[in-house]
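Peer 1: Can you build the whole structure from these sequences, using the hints too?
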Amino acid sequence: MKRSLLAAAALALLPGTALAQDQVTLKFWDNQQTESGLSEYQRAAVERFEAENPGIKVEVTTIPYPEYQQRLLTAVQGGNAPDVSTLDQIWMAAFAEAGAIVPLDDMAGEAGITAEAFFPGAWESANYDGKLWGIPFNVDVWFFSFYNKALLEEAGVDPQSLSTWEGLKAGAEKLTGNGRYGVGLFGHRGEDTVTVLNSFIFSNGGKVLNDDGSCALTEPASVEALEYLASLVPYAPQGILNASSGSMRELFLNGSLAMEFWPALEQPTLKNSNIDWEFVVGHAPEGKTPVGTYGGWNLAVYETSPNKEAAWRFIQFMTREDVNGDVVDLIPANVKAAEAFLNENRVGADRILEHLNNASPRPLSPRYLEVSDIQVTLAQDIYSGTPAQEAAEKACNAINALN
Amino acid sequence: MTKKDSWLVWLFLAPAIILVGVLMYYPMVGTVIESFHSTSFINPNPQFVGLEVYQRIFSQPEFAQIVVNSLVWTVGVVVLQNLLGFFSALLLNQHLPGQGLMRALVLLPWVLPGVVAAILWRFMYDPQLGLINSFLIGLGLSDTGFAWLADPNMAMASAIIAAVWKGFPFSTVVYLAALQNVDEEQIEASIIDGAGPLRRLVDIIIPAIKEVMLINFVLTTILTFNYFDMIWVLTRGGPQNATHIFPTKIYDLGFGQFRFGDAAVYGVFSILVLVLLIALYFTVQGSSRQRRAAP
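Which chain is which? The protein sequence lines are F and U, in order.
Just so we're aligned: 235 in our numbering is position 232 of the first sequence, and the numbers increase by one with no gaps anywhere.
Just so we're aligned: 281 in our numbering is position 226 of the second sequence, and the numbers increase by one with no gaps anywhere.
Hints were generated in silico from the structure; no laboratory data involved.
Because the structure is a prediction, the values reported are computed rather than measured.
Treat the hints with care, since some could be wrong.
Said to hold, decoys possible - Among the chain U residues that face chain F by a calculated CB cut under 8 angstroms, a handful are:
{"hint": "1", "residue": "Ile97"}
{"hint": "2", "residue": "Pro99"}
{"hint": "3", "residue": "Leu204"}
{"hint": "4", "residue": "Thr290"}
{"hint": "5", "residue": "Gly292"}
{"hint": "6", "residue": "Pro294"}
{"hint": "7", "residue": "Gln295"}
Don't be surprised by glycine CBs; every beta carbon is placed ideally from N, CA and C.
Peer 2: Laid out in structure tokens, this is it:
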């Protein structure tokens, strides 16, 4: 009796199983960076994708940024990775080296997807060891220097003078005093600390790593940049070593901080404030061009995915010119989509585009996170008074010991 | 119990044994094995390297700093938390008006979720906008306030204060329960004999609750050594590693930098310390039981 019941149950399940095989369910993970209501647009885009691709259903999981790295890592280690996900540019090399994601060169070649459609630094960040591991999804650049127009006017500082290192320092000095601060520096354990440090190094023609992976932080251009950055400490709010770009936001918004470093993503927050603001595109020594540090996310397909073909179709869709701008809160990585997005959503679209085209990515090393940790210590050392050369040598010893 | 019953006992025990085995001992043994391998996220095929990772980590000055930090953190929090807990329990044990309300209020920090309490303290310590600096500046005790969590010399002390605030009600509850069991007659007799409050405390109350105090010390030591969220939210182990302790370092290495093997070494060291503390706990508990059982 029991056996016959089981057989009947199995038979009853069969047609359902056959149907399920026709329908592919794609697991897509993304990080939730802001509360901008993006997921609503993402949901609309997913519905559009499902309508264009009958037979593929997309299951979207968004995870808050602080947990995202841990969740992905645990999922990959436990063999439960999604089919496709966004990956921070700085994780790409590690995920590739770990064999967690698959190269996309063949599929991109067949589909005619090439570097030209994307920002150069973003495309570069998806390449590692001669292969393409992801398609750029969104980008931004650290940093733009946002300033409080009223405070600058009051102190008699010409905003355009802030573009040079000399001008920034002179301006910061004038803007500091009476409970106000010229410039917000932050040195907590976080990538924002590293990207600002890098931008000053890049803008002076320096590098973090040489092409062979060895440390370049003791080169004169880098040390000079570190010395310069340390010289701004007297004009920053105290508590740099535990401050983040987020804690500086509160001071900027209450009018006690004249200038702050943020990516373009900060604009929606500032637009909603009472502050009359504008921005300059970073800072460089006289005669040099400010170079920003790339930030952003790429889309990658996981090795364990049984639905690689469907995942690839989804990536193509999400990075398409007519879709990319609807599903990102940073800046679309697709250049054409970015132009439209910036003109519609950001102040100073041309300046942002130019800064994006000049920007450099962070080192594309599978051990980047260790390099980054060392760089945070370097930042904390120089902000707390260690001579730049000495701090750079300590950092280089640690970085070179990784190899 | 018949032989037939014994398999039934095992059957009922099995779910608990399997759960504890799979969720606790399997990962623990896995961590020990992993610590003898060179392994990280980018090196998914671990190589057996014996004690090489241990040697490398033990020779780094950072390891010594984590050990010292953990010691300062644990001793600082445990001593202050127990002292504060003991004295607040003494106070709550007096028959004062509003005692019920006070007992409930004292528990408040303890019932707050750990992360919420930590965020609260981070706001209070904020160098520009924080309550503590505004208070000090308002009283004229400081011109600009202090960078509580950003100064390597002050960060650990600041974190300890926050953790003591969060944890002392636990000790209060334990001590209050013990104080209520102190023999009233003995106290009354000592009062008749002319013993003052200090004498009563030292000669009657403390000896009577000595065992509870010991057990509470060991228990809070275990909890504090493993306390992760307060430091992680306040400083993430910074500035310049000044507040990194074992749990934050393990998390940072494993999940922050994908270095599983190195995290495992810190993990094994941490397990050893905890095993010692737990052994101490059972020894103390066992000896106090024996004493109670003795005629």
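Peer 1: Against chain F, run the beta carbon of isoleucine 97(U) and see if the smallest gap drops under 8 angstroms.
Peer 2: holds (4 angstroms)
Peer 1: Does the nearest C-beta of chain F fall within a distance shorter than 8 angstroms of the C-beta of glutamine 295(U)?
Peer 2: Holds. Min distance 5 angstroms.
Peer 1: Hint check: is the beta carbon of threonine 290(U) less than 8 angstroms from a beta carbon of chain F?
Peer 2: holds (6 angstroms)
Peer 1: How about proline 294(U): closest beta carbon in chain F under 8 angstroms, or not?
Peer 2: holds (3 angstroms)
Peer 1: Would the stated hint for proline 99(U) survive a check requiring a Cβ distance to chain F of less than 8 angstroms?
Peer 2: holds (6 angstroms)
Peer 1: Holds or violated: the hint that glycine 292(U) contacts chain F, with Cβ atoms closer than 8 angstroms.
Peer 2: holds (7 angstroms)
Peer 1: Have a go at the leucine 204(U) hint: is there a Cβ in chain F nearer than 8 angstroms to its own Cβ?
Peer 2: Hint on leucine 204(U): holds, closest Cβ of chain F at ~4 angstroms, below 8 angstroms.
Checked against the numbered hints above, the structure breaks none of them.
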